[in-house]
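Q: Residues per chain, in single letters:
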Amino acid sequence: MAERKKEADHLPTSESDQDDFIEPDPPVVTNQAVADTFVNIDYEDLVNPDYDSHPSGYIHEIVRQGSHDDDDEPRVAVSSVSDVSTGEESSEDHTEISTKEISQALDEVSKLQHPEVSLEDEEEIDEVDTQEWRQRKKHVFILSQAGKPVYTRFGNEDKLVTVMGVMSALVSFVQDSKDLVRFMVAGDHKFVFLVREHLILVCVSHGAESSQQILLHLSYVYNQILSVLTFSTLHRIFKQRRNYDLRRLLTGAEKFLDNLLNMMDTEPGMLLGAVRCLPLDSQVRDNIAQTIVQNAKVKDLVFALILANNQLVTLVRMKKYFLHPMDLHLIINLVNASESFKAAESWTPICLPKFDSSGFLQAHISYLDDRCETCLLLLSVDRESFFILSECRNKIKERLVKYNALKAISDSLMKTSYSIQQCGISDLRHFLYKSRHMAQFTSPELEAPYLSETEQERLCGLYFYLHHRIHTSARPLKILYTVGPHETLLGWVTQSFELYAVFGPLVTKVAAIQAINKLLRWVKREEDRLFIPNHVTF
Amino acid sequence: MGKDRMQNGYGSGSEPGSPNGHHPFREHKQASRQSSTELFDLASKVMLIGDSGVGKTCLLVRFKDGAFLSGSFISTVGIDFRNKVVDVDGTKVKLQIWDTAGQERFRSVTHAYYRDAHALLLLYDVTNKASFDNIRAWLGEINEYAQEDVVIMLLGNKSDSTADRVIRTEDGEKLAKEYSVAFMETSAKTGMNVDLAFMAVARDLKMKKTRKPTEPKFNVADYVNQEKKTGGCCS
Chain A
1 MAERKKEADH
11 LPTSESDQDD
21 FIEPDPPVVT
31 NQAVADTFVN
41 IDYEDLVNPD
51 YDSHPSGYIH
61 EIVRQGSHDD
71 DDEPRVAVSS
81 VSDVSTGEES
91 SEDHTEISTK
101 EISQALDEVS
111 KLQHPEVSLE
121 DEEEIDEVDT
131 QEWRQRKKHV
141 FILSQAGKPV
151 YTRFGNEDKL
161 VTVMGVMSAL
171 VSFVQDSKDL
181 VRFMVAGDHK
191 FVFLVREHLI
201 LVCVSHGAES
211 SQQILLHLSY
221 VYNQILSVLT
231 FSTLHRIFKQ
241 RRNYDLRRLL
251 TGAEKFLDNL
261 LNMMDTEPGM
271 LLGAVRCLPL
281 DSQVRDNIAQ
291 TIVQNAKVKD
301 LVFALILANN
311 QLVTLVRMKK
321 YFLHPMDLHL
331 IINLVNASES
341 FKAAESWTPI
351 CLPKFDSSGF
361 LQAHISYLDD
371 RCETCLLLLS
381 VDRESFFILS
391 ECRNKIKERL
401 VKYNALKAIS
411 DSLMKTSYSI
421 QQCGISDLRH
431 FLYKSRHMAQ
441 FTSPELEAPY
451 LSETEQERLC
461 GLYFYLHHRI
471 HTSARPLKIL
481 YTVGPHETLL
491 GWVTQSFELY
501 AVFGPLVTKV
511 AAIQAINKLL
521 RWVKREEDRL
531 FIPNHVTF
Chain B
1 MGKDRMQNGY
11 GSGSEPGSPN
21 GHHPFREHKQ
31 ASRQSSTELF
41 DLASKVMLIG
51 DSGVGKTCLL
61 VRFKDGAFLS
71 GSFISTVGID
81 FRNKVVDVDG
91 TKVKLQIWDT
101 AGQERFRSVT
111 HAYYRDAHAL
121 LLLYDVTNKA
131 SFDNIRAWLG
141 EINEYAQEDV
151 VIMLLGNKSD
161 STADRVIRTE
171 DGEKLAKEYS
181 VAFMETSAKT
191 GMNVDLAFMA
201 VARDLKMKKT
211 RKPTEPKFNV
221 ADYVNQEKKT
231 GGCCS
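From first to last, the protein sequence lines are chains A and B.
Quick note on full-length UniProt numbering: the first sequence kicks off at 1 and runs consecutively.
Quick note on full-length UniProt numbering: the second sequence kicks off at 1 and runs consecutively.
Just so you know, the hints here were simulated from the structure itself, not pulled from any lab data.
Since we're looking at a predicted model, the values are computed, not measured.
Ideal Cβ placement from N, Cα and C applies to all residues, glycine included.
Any given hint could turn out to be false.
Claimed, not checked - With the C-beta cut set under 8 Å, the calculated list includes, among others, these residues of chain A facing chain B:
id, residue
1, A146
2, G147
3, L229
4, R242
5, N243
6, D245
7, L246
8, L249
9, S338
10, E345
11, W347
12, T348
Said to hold, decoys possible - Result set (DSS-like, lysine-lysine): computed pairs, CA atoms no more than 30 Å apart in a straight line:
id, chain 1, residue 1, chain 2, residue 2
13, A, K524, A, K407
14, A, K320, A, K299
15, B, K174, B, K208
16, B, K228, A, K407
17, B, K64, A, K255
18, B, K92, A, K342
19, A, K402, B, K64
20, A, K255, B, K129
21, A, K297, A, K402
22, A, K342, B, K84
23, B, K84, A, K297
24, A, K407, B, K84
25, B, K208, B, K177
26, B, K129, B, K228
27, A, K402, B, K84
28, B, K92, A, K159
29, B, K84, A, K395
30, B, K129, B, K174
31, A, K255, B, K228
32, A, K148, B, K189
33, A, K159, A, K138
34, B, K177, B, K228
35, A, K190, A, K178
36, A, K319, A, K190
37, B, K129, B, K217
38, A, K342, B, K189
39, A, K297, A, K395
40, A, K415, A, K478
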């Protein structure tokens with residue numbers, strides 16, 4: 001019983017057992033919030049080389065706008081400049097790797113994976129030769145198209161020249177036959193490749209993620225690099241010198257990549273393509289947003305947002321422009337990974353690849369409280385506006401203190417979100433609920449039995465599994481009920497939400513279904529507190 | 001909007017050395033987390049530049065808070081901004097200090113701020129040869145982007161680490177002489193010469209603003225040579 005998972009996949013058309021699944025009406029979309037709708041990250045899109053680079057030129061558009069104000073000429077919303085793709089579009093089916101050369105190359109790599117077959121005994125022991133390094137759950141390597149090491153999550157790139165050489169050989173070998181290598185499976189290891197115009201990203205994992213989920217993670221990593229350099233710079237540099245050592249330009253940015261990868265291991269937000277909002281009374285949140293609007297009336301200010309402990313408190317945006325959840329995650333990562341913002345007001349360039357991968361926005365970043373929990377970011381296209389924004393920041397801070405809003409934020413942080421008990425559903429251990437049109441999600445605190453690190457990792461693995469089963473491109477599901485040895489999982493995806501729930505192992509299907517209907521009603525009731533339905537505009 | 005700017009520093013009209021430099025103005029600084037409300041007569045923009053990891057932020061924190069940031073390496077992202085008001089013979093000088101990230105990719109951002117900097121503190125690490133070798137490149141950039149009369153001070157930081165030192169004091173002196181810039185060795189850890197570096201900048205600004213045509217010009221390099229302590233024995 002325990003070793004075999006009992007599953008019941010419900011296809012949308014089947015009627016059995018589904019009477020209790022009353023799909024709630026999609027939340028009433030007032031003010032046509034459709035504008036805030038985000039296209040879900042489609043896995044199939046990920047293999048399209050164009051996917052991540054949309055130099056839609058927003059920044060120039062905004063700058064230009066300044067010169068002839070309110071000129072309402074029709075603009076092309078997204079004019080994606082297509083890349084000069086080096087990798088051909090692959091066919092839908094996975095590339096079969098059976099050729100002799102490849103398996104030889106694979107042997108090379110797997111030799112490095114297995115300690116007993118040591119390649120160079122005479123060499124001094126490097127970190128990359130150690131057992132510990134080999135047993136890391138998830139390796140991420142970045143190399144240039146020329147095969148030069150750019151980044152490795154563990155160890156030192158210099159010691160990995162050979163391994164990366166093999167990787168680049170694998171990629172170009174498949175490219176020779178006008179195809180694109182996507183992933184390989186060797187034992188319990190997955191080798192996932194993301195080939196971009198100038199960079200090759202490889203993940204070697206024996207974790208719970210599916211290869212498509214790993215692909216998504218890799219595209220986050222790629223976007224993180226763009227966020228530091230912009231696509232234009234990357235393109236220019238490699239156009240000039242194919243063998244450029246990109247590490248020169250990335251010094252100091254390794255911490256962003258490290259931090260991003262660590263966050264992805266534990267935070268479901270990136271998997272879901274959604275951000276978590278700080279639970280806050282909707283009136284308080286409105287007040288905060290209005291304070292920003294009133295005190296930051298500055299030309300060229302595109303986004304203003306407040307983050308607290310990796311959660312979104314509020315976001316104010318310029319009309320017509322949207323912050324994609326992927327970009328928002330990069331901003332959260334920037335703040336999360338940097339200590340230096342805590343010391344002083346900072347002014348730093350950041351590229352948001354979904355917004356405009358060709359240029360930088362300038363970010364004024366400062367914490368509003370002495371404990372450095374509440375962080376205000378003002379993102380402008382004007383490089384000269386530091387003092388103006390600094391002035392705005394002081395006014396905003398002053399007002400927020402006056403309205404007790406900063407205190408409300410810190411109170412909410414103190415309360416550590418909410419307990420699963422508050423939902424009042426027995427047997428429900430944990431859940432993730434994502435509102436699709438808001439691109440936001442909520443989940444309760446992790447409680448027993450998910451207190452130890454290994455248990456949390458296991459829970460994360462369950463979500464990866466559930467998410468993968470539902471979103472798998474070969475056979476997407478709407479509802480999945482699956483009984484495992486330690487818990488029962490239920491996933492449900494509709495037009496307006498995605499719900500992933502974890503129950504105790506003994507729950508019956510009927511009980512689970514009743515429970516999630518109850519849960520949906522609870523979420524609906526708490527919606528104002530847990531989500532931000534509309535982002536205010538300047 | 002012009003008024004807003006003035007409150008936080010230089011308006012374009014009050015740039016150092018501008019022929020009709022404004023008379024000292026007393027202003028009420030906006031209260032902020034960084035510094036309490038203080039009055040000042042003059043404001044001066046100082047930038048810390050140099051390779052990544054030479055101790056720019058540490059030097060600044062030592063000067064501003066008298067503390068040493070030990071332990072982990074906190075690399076600056078972009079540019080940091082802090083204020084400190086110092087007293088030069090009864091004149092309050094507000095130093096607006098821009099602490100920059102040393103990484104290559106931030107150069108284009110920091111260049112934009114060279115232009116209106118009154119003083120540039122150029123740091124290298126006496127235990128890191130590469131950071132010293134790059135000083136020539138930094139000076140080249142300064143020539144290209146900064147104002148003509150910008151005050152440049154070359155600082156050999158981490159002078160307390162005698163054991164790891166690879167750049168001798170003489171090497172620094174020689175280079176400084178070649179480019180005729182002020183030079184001294186500092187230690188953010190012990191605090192040696194840190195205040196002097198910033199005070200020399202403040203003094204220079206004050207002299208520029210108040211000097212009568214008949215008086216001799218204030219020379220930062222000479223002043224520094226007079227006042228600086230040499231390291232060496234104190235380890």
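Q: K177 (chain B) and K228 (chain B): Cα distance at most 30 Å?
A: holds (16 Å)
Q: Holds or violated: K208 (chain B) with K177 (chain B), Cα cutoff 30 Å?
A: holds (23 Å)
Q: Are the Cα positions of K415 (chain A) and K478 (chain A) separated by 30 Å at most?
A: Between K415 (chain A) and K478 (chain A) the Cα gap is close to 34 Å, so the pair fails against 30 Å, i.e. violated.
Q: Given the proposed pairing of K320 (chain A) with K299 (chain A), does the C-alpha separation stay at or below 30 Å?
A: Holds, at roughly 15 Å.
Q: Are the Cα atoms of K148 (chain A) and K189 (chain B) separated by 30 Å or less?
A: Violated - the C-alpha atoms of K189 (chain B) and K148 (chain A) are around 38 Å apart, more than 30 Å.
Q: Check the hint pairing K297 (chain A) with K402 (chain A) against an upper bound of 30 Å on the C-alpha distance.
A: holds (20 Å)
Q: Given the hint that K64 (chain B) pairs with K255 (chain A), does the C-alpha gap stay at or below 30 Å?
A: Holds: K64 (chain B) and K255 (chain A) sit about 27 Å apart, inside 30 Å.
Q: Is the straight-line distance between the alpha-carbon of K174 (chain B) and that of K208 (chain B) 30 Å or less?
A: holds (27 Å)
Q: So, L229 (chain A) near chain B? Judge it on the closest CB pair being under 8 Å.
A: holds (7 Å)
Q: Do the numbers back the hint for W347 (chain A), that is, is its least Cβ distance to chain B under 8 Å?
A: For W347 (chain A), the interface hint holds, since the closest Cβ of chain B sits about 5 Å away, which is under 8 Å.
Q: Check whether the Cα positions of K129 (chain B) and K174 (chain B) lie no farther apart than 30 Å.
A: holds (15 Å)
Q: For a C-alpha distance cap of 30 Å, please report whether K297 (chain A) and K395 (chain A) respect it.
A: Distance of about 11 Å is within 30 Å: holds.
In this structure, the hints that do not hold are numbers 1, 2, 4, 5, 6, 7, 16, 28, 31, 32, 36, 37, 40, in rising order.
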